[in-house]
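Take 4 as the starting number for the sequence shown in my numbering and just add one per residue.
Keep in mind that the hints are not guaranteed to be accurate.
[As the list claims (entries may be wrong)] Subject to a maximum C-alpha distance of 35 Å in a straight line, what follows is the list of computed DSBU-like cross-link-like pairs (lysine-lysine):
| no. | residue 1 | residue 2 |
| --- | --- | --- |
| 1 | 195 | 241 |
| 2 | 92 | 56 |
| 3 | 222 | 56 |
| 4 | 241 | 125 |
| 5 | 222 | 241 |
| 6 | 195 | 56 |
| 7 | 125 | 92 |
| 8 | 92 | 241 |
| 9 | 195 | 222 |
| 10 | 56 | 125 |
| 11 | 125 | 222 |
| 12 | 56 | 241 |
| 13 | 125 | 195 |
Rather than coming from a laboratory, the hints here were simulated on the basis of the structure.
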Amino acid sequence: MYRRTCLPFASAFTLVELLVSVAIIGLLAGLGNAAYQKATSSSRQGVEMSAAKNLGQALQLYIQDNDGSILPGYLDARDARVTDARNDKGQPISPSHAAQRYPWRLLPYMNYQVRGGIWVNKLASQIPDSDPYRDYLVSLVPTLGMNMTYVGGDTRNVQLPGRCATRINRVTHPAGLIAFASGQYEDPNYGKMDGYFEVRPPTGSSSSGAGLATRYSGKAVVVTLDGHAEALTRDQLKDMRRWCDEAAAQDNPNWTP
4 MYRRTCLPFA
14 SAFTLVELLV
24 SVAIIGLLAG
34 LGNAAYQKAT
44 SSSRQGVEMS
54 AAKNLGQALQ
64 LYIQDNDGSI
74 LPGYLDARDA
84 RVTDARNDKG
94 QPISPSHAAQ
104 RYPWRLLPYM
114 NYQVRGGIWV
124 NKLASQIPDS
134 DPYRDYLVSL
144 VPTLGMNMTY
154 VGGDTRNVQL
164 PGRCATRINR
174 VTHPAGLIAF
184 ASGQYEDPNY
194 GKMDGYFEVR
204 PPTGSSSSGA
214 GLATRYSGKA
224 VVVTLDGHAE
234 ALTRDQLKDM
244 RRWCDEAAAQ
254 DNPNWTP
C-alpha cells in the first residue's frame with residue numbers, strides 16, 4: 004500500500020501582503036501612466052515645434068515679399084489688406100474683421116494650411132470645417148499667438164516710436180526676439196482651446212502673460228523673428244529682452260514700458 008505524500012497548502016496572503024501588493028500595482032500603474040503622459044506631451048510638443056518652424060519660414064517669406072516690413076499683428080478695419088484677404092476657399096473672410104488679426108494674412112505663405120499649420124494637436128480636430136464661425140476661429144485661436152505689442156504692431160495698442168519692431172533691418176537681435184509663442188484661450192462655447200492670436204510677456208509675479216501657455220512641462224514653444232523655433236521655460240519667458248527690441252538694445256531683462 005502506497006502512502007500518498009501530501010504537500011502542505013501554501014498559506015493564503017495576509018492582509019498586509021495584500022495591501023502591499025495592491026500598493027505596488029498602483030505604483031507601477033501610476034508610473035506607467037506618468038510615462039505615457041510624458042511621452043504624449045513630448046509628441047505634442049514635437050508637432051507644435053514643427054508647426055512653429057513652418058510659421059517661422061512663412062514669416063520670413065512675408066518679410067522678403069514686403070521689402071523688410073514685418074507682418075502686422077492686428078490691422079485697422081479700413082486697411083486694404085483686411086478687405087483684400089481671402090480664406091482657403093478663395094472667398095472673402097467672414098466676418099471681415101477676422102482678417103484684422105494676423106492668421107489669414109500669413110496663411111497665403113503657408114499654402115493655406117489651417118490644419119497641421121495654424122491649428123495643430125487637439126485644436127486641429129476641435130473645430131469642424133462646417134462650423135459657421137470657422138473663418139473667425141482661425142483668426143481668433145491659432146495655436147501660436149503673436150507678440151504683436153512689440154513685433155509687427157497692433158493698431159489697438161500703438162507703442163512709442165522705436166518700441167515695436169516693424170522693419171527687420173532695424174531689429175537689434177532678431178534671433179532672440181519672440182515673434183510667436185504657444186497660446187491659450189477659454190471660450191464659453193468651445194471650452195479650453197490651445198491657441199490664441201495674441202501673447203504677452205509675463206509681468207510681476209505672474210508666471211504667464213495674457214494668452215501665453217507654458218503647456219509643455221512649464222515650457223512654451225516660440226518662434227523668433229529670424230524664423231527659428233525653440234522651447235522656453237517660464238523664467239526665460241520673463242526676460243523682456245526676448246519680447247521687446249528696446250529691452251534687448253538696452254540689455255535690460257527687467258525692462259518695463
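Going down the list of hints, with the structure as the test:
{"no.": "1", "hint": "195 - 241", "result": "24 Å, holds"}
{"no.": "2", "hint": "92 - 56", "result": "24 Å, holds"}
{"no.": "3", "hint": "222 - 56", "result": "17 Å, holds"}
{"no.": "4", "hint": "241 - 125", "result": "27 Å, holds"}
{"no.": "5", "hint": "222 - 241", "result": "12 Å, holds"}
{"no.": "6", "hint": "195 - 56", "result": "24 Å, holds"}
{"no.": "7", "hint": "125 - 92", "result": "23 Å, holds"}
{"no.": "8", "hint": "92 - 241", "result": "40 Å, violated"}
{"no.": "9", "hint": "195 - 222", "result": "18 Å, holds"}
{"no.": "10", "hint": "56 - 125", "result": "19 Å, holds"}
{"no.": "11", "hint": "125 - 222", "result": "18 Å, holds"}
{"no.": "12", "hint": "56 - 241", "result": "22 Å, holds"}
{"no.": "13", "hint": "125 - 195", "result": "10 Å, holds"}
The structure does not agree with numbered hint 8 stated previously, though it agrees with all others.
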